[in-house]
Amino acid sequence: MEHNSFPLILIVIRSHGSLELVNVIEGKNTPSEVLLNLIQSHESFEQQRLREVDGEIMREKRENLKKQQEDEYEQSLQADLAKERARQEEQNANEQESKARLPEEPSDTEKHITRLKIRLPNDEGILMRRFRINDTLQ
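Its first residue numbered 127, the sequence shown is counted upward by one per residue in my numbering.
Keep in mind the hints are simulated off the structure, nothing from the lab.
You may find that some hints are simply not true.
Only pairs whose alpha carbons sit at most 30 Å apart, straight line, appear in this in silico BS3-like list of lysine-lysine [as the list claims (entries may be wrong)]: (1) Lys209 with Lys225; (2) Lys225 with Lys243; (3) Lys209 with Lys192; (4) Lys225 with Lys237; (5) Lys193 with Lys209.
Sequences are here, hints too, so could you generate the full structure?
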């Protein structure tokens, strides 16, 4: 550095957690130039700070939106699971009620019985059930 560059003013700001040199004001400047450089450095710092604040606000908004969407998804999922449980319980209750209405299946050795054979679609199997001839249909 030259001998006439002193006194020296270094303008340093903290940006994203680290220090950054933004301006060097040397002693050969007039007081008006020094003041102008300080004002410009401050304005530059304020603009950068506002950009960082805006970025932080946008990041928080994105995080809040993401959390809200996750919460809504979780609520929807819980509602769907509750509906599915209710549907399954209703189906089980209907199945139990239907089984309760069926007469007891006679043994294979009994006389006067009929066999009902139902072939399920897509080769899912065959259902077979015996009934007494005098059992009524509902």
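Outcome of the hint check:
About 24 Å separates the Cα atoms of Lys209 and Lys225, which keeps this hinted pair within 30 Å; it holds. The suggested pairing of Lys225 with Lys243 holds, with an alpha-carbon distance near 17 Å, which does not exceed 30 Å. Taken as a hint, the Lys209 and Lys192 pair is honoured in the structure, with Cα atoms around 25 Å apart against an allowance of 30 Å. For the hint linking Lys225 to Lys237, the alpha-carbon distance of about 23 Å falls within 30 Å, and the restraint holds.
The straight-line distance between the Cα atoms of Lys193 and Lys209 is roughly 24 Å, inside the 30 Å bound, and the hint therefore holds.
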